[in-house]
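Those protein sequence lines, which keep their order, are chains S and B. Quick note on the UniProt record's numbering: the first sequence kicks off at 1 and runs consecutively. Quick note on the UniProt record's numbering: the second sequence kicks off at 1 and runs consecutively.
In short, the hints are calculated from the structure, not lab data. Given the structure is predicted, the values throughout are model-derived calculations rather than measurements. It is possible that some hints are incorrect.
When the alpha-carbon atoms are kept at most 20 Å apart in a straight line, the in silico SDA-like pairs for lysine to any residue are as follows [to be verified]:
#1 K91(B) / L42(S)
#2 K320(B) / T36(B)
#3 K266(B) / D289(B)
#4 K318(B) / Q255(S)
#5 K91(B) / P145(S)
#6 K242(B) / T36(B)
#7 K409(B) / L67(S)
#8 K409(B) / P145(S)
#9 K343(B) / Y61(B)
#10 K90(B) / G209(S)
#11 K90(B) / P145(S)
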Amino acid sequence: MRYQRWFTPWVLVVPALAWLLVFNLWPSINTVILSFTNAKPLGGGTFVGLRNFETLLHDEQLRWALLNSVIYMVVCLPFLTVLPLLLAVLVEKKLPGITFFRTAFYTPVVASAVVVALIWQWILDDRGLVNGLAEKLGVISGPLPFLSDQWLLLLSAISLTIWKGLGYYMIIYLAALGNVGRELHEAAAVDGAGPFRRFVHITIPGVRGTMILISILISVSALRVFSELFILSGGKGGPGGRDNSVVMLIQQYSQGFEGNLGYASALSIVLFFVTVVPMLVLARLNRRGAEA
Amino acid sequence: MRSRRLTPVAALAVAALTLAGCGLGSADTSSGSQPTVDANAQVTGEVSLQTWALKPKFTSYVEGVIKAFEAKYPGTKVNWLDQPGDGYDKKVLSQASAGQLPDVVNLPPDFALPLAKQQMLLDVGAADPKISEEYVEGGVQAYQYQGLTGTFGYPWYLNTDIDYWNSTKFAAAGLDVKSPPKTFDELLAAAKVMHDKTGGREYLMSRLPGIGDFTNAGVKILSDDGKKFEFNTPEAAALLDKYRDAYKAGYLPRDILTQEYLGNSKLFTQSKVAWTTGGGNAIQDFVKDNPSLKGKVVPSPALDTPPLYVQGLSVSAKTKNQAAAIALARFVTNAENQAAFAKIVNIFPSTKASAQDPYFSKSDGTPESDAKVLAFESLAKAKVLTPPIISGATNDFIGQQISLAIAGKISSQQALDAAVAKANQLLTQ
Chain S
1 MRYQRWFTPW VLVVPALAWL LVFNLWPSIN TVILSFTNAK PLGGGTFVGL RNFETLLHDE
61 QLRWALLNSV IYMVVCLPFL TVLPLLLAVL VEKKLPGITF FRTAFYTPVV ASAVVVALIW
121 QWILDDRGLV NGLAEKLGVI SGPLPFLSDQ WLLLLSAISL TIWKGLGYYM IIYLAALGNV
181 GRELHEAAAV DGAGPFRRFV HITIPGVRGT MILISILISV SALRVFSELF ILSGGKGGPG
241 GRDNSVVMLI QQYSQGFEGN LGYASALSIV LFFVTVVPML VLARLNRRGA EA
Chain B
1 MRSRRLTPVA ALAVAALTLA GCGLGSADTS SGSQPTVDAN AQVTGEVSLQ TWALKPKFTS
61 YVEGVIKAFE AKYPGTKVNW LDQPGDGYDK KVLSQASAGQ LPDVVNLPPD FALPLAKQQM
121 LLDVGAADPK ISEEYVEGGV QAYQYQGLTG TFGYPWYLNT DIDYWNSTKF AAAGLDVKSP
181 PKTFDELLAA AKVMHDKTGG REYLMSRLPG IGDFTNAGVK ILSDDGKKFE FNTPEAAALL
241 DKYRDAYKAG YLPRDILTQE YLGNSKLFTQ SKVAWTTGGG NAIQDFVKDN PSLKGKVVPS
301 PALDTPPLYV QGLSVSAKTK NQAAAIALAR FVTNAENQAA FAKIVNIFPS TKASAQDPYF
361 SKSDGTPESD AKVLAFESLA KAKVLTPPII SGATNDFIGQ QISLAIAGKI SSQQALDAAV
421 AKANQLLTQ
């Protein structure tokens, strides 16, 4: 007696496939289509060829946004790849009360990005905690413009991302550290290797794959940053709009009755390619490293 | 091998090109939807009315108006929907996209414009020629757009801004609050005096210029056909230069250019600046939020031309009951109903007949009443200073360029040229 027909696997796959087609594939294809049009939320639009992409080439806002995204990635990448590993090594040790530290480091991850950014806004503004303390201690004579200077605002947003991401990547490293053989450390210790040498020659190679994965995750999320910059800049992209990210530009162009969906879609395509490049580079590095 | 790899790509490309027409409709048109009935058609049947954030505060008022309408036109039934204040634009956009706009819908002029462009709103002026006789000119004009023929809404209620001054701060700087500045140049001169006399501790001004200020300076914002922005003139640059110099000299607070800027009105309420603009009842809010301001706030007419803020009721072009929809929009906005509404909330009626109502035109001598009368009198010369076509990304970009010019990072002319170029690009896209 056979209960299984040839179509049984397809029946099981259909819900997931339908979901994928409707909510992933179709929107992606539609974005590509819209990027060649002057579509608006009402009344659609017409085919305009490469006009949106031509406009992108001369868009000063996009240049600033790309620069911000690249700076974001370049700064976040080393910090968020190395610091969480050090933290993970620290909290991996079985010491009394270590769970408290594990939880404390993970807390920012659980908090909503918007809430965290708002708290940081209060901390960093002219009358905020940091400026208040620094002024009381006599370190500065006037408030530092963390939120009103183009570069300080970007730096503040990067610091926030790093602080918030530490716990998340630490947990991933903790899982990876569990797979690094204890006997390797013991053997190295017997051979006279100190903690630093063991870290460099055993721990790092042991979590190499995880490190590459984390680097890819950080690069992608840094290039697609939105909440931190949006909240800290009050949604306006900082002084003169020079602290926008590409995602913020997409949001600005697509909103409202007169939203330029065509142009916003062209920006999305640019963001897609910008995001794919570091992913490919890191994946290639990983492959080379694995082959070596 | 290569051809096998290319097959899915080619198939995807063909599919994409085939689908390219999906979601894309016709381009903009230049005339509004014409009504098929006139104001004298028989009014009966069901009709829907959408308002914006009137529940629960004004539920009984709106229900009373609806009851009166149903009594006046037996056989009619009004279905009232009230949408929350936040995200109303998104709600209207989704209704319009789905072709489900209510028959009568509350739309400010900048919301009505994109719908009118897509022929989603009825030209109520064509169905009801008396509209320009019975409603104030500025209100009606707010629903007439450059490049489009027709009137796309009944003006419902109006508001404007007047100036408020902090008399204590004026006295501290040796300025006379009884003769406050009347023009922008006088304002700048007073800002300098306040800065110099208080050693830079007190500020008079705390706002950035915008499109409304350019209009007030006599700058033409849009071309006559509404298809091109042209506010990058030497006059507009001169205005920005004045703001830049004032900012550099310290007459304006530093954080005016950042997100930390709370707004003119909040800073005034906190007694951090000596001047703000606000509606006719803003004085009550200042005193309520900061009781120490009681007796210290002096109102005066707005500098130059006061801005006109308009709300209106538009009729969906897709309504299945045009006669009842037009009658309802007219009924809700008639002089009697507007006057009753204006007595429970701080708005002013858009009907000419209300001009004689002593409630709006006579003061009882208190600063609150003076402010209300001043605002009402200002309505006569108030104008919509910012064309409704400026919204969203255009508005953001113009604001950013103005900030850069005032911060001195680029010249005023460069900022205006960049703003006009981007605004035109967004307009034609």
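Does Q255(S) sit within 20 Å of K318(B), going by the straight-line distance between their CA atoms?
violated, 25 Å
Could you grab the alpha-carbon distance between K91(B) and L42(S) and see if it respects the 20 Å cut-off?
holds, 13 Å
Does K242(B) pair with T36(B) here, judged by a C-alpha cut-off of 20 Å?
Judged against 20 Å, a Cα distance of about 53 Å means the pair is violated.
Assess, step by step, whether the Cα of K343(B) is no farther than 20 Å from the Cα of Y61(B), and give holds or violated.
Holds, at roughly 11 Å.
Measure nothing beyond the straight line between the CA atoms of K90(B) and P145(S); if it is 20 Å or shorter, mark the hint as holding.
Cα-Cα ~35 Å, so violated.
Given the hint that K409(B) pairs with P145(S), does the C-alpha gap stay at or below 20 Å?
holds, 17 Å
Need the status of pair K91(B), P145(S): alpha-carbon distance at most 20 Å?
Between K91(B) and P145(S) the Cα gap is close to 38 Å, so the pair fails against 20 Å, i.e. violated.
Holds or violated: are the alpha carbons of K320(B) and T36(B) at most 20 Å from each other?
holds, 11 Å
Keeping to a limit of 20 Å between CA atoms, is the pair of K90(B) and G209(S) held or broken?
It is violated: about 45 Å lies between the C-alpha atoms, which goes past 20 Å.
Hint consistency between K266(B) and D289(B) [alpha-carbon to alpha-carbon, up to 20 Å]:
holds, 10 Å
Given the hint that K409(B) pairs with L67(S), does the C-alpha gap stay at or below 20 Å?
With a Cα-Cα distance of about 18 Å, the restraint between K409(B) and L67(S) holds, given a limit of 20 Å.
Hints 4, 5, 6, 10 and 11, counting from the list given before, are not met by this structure.
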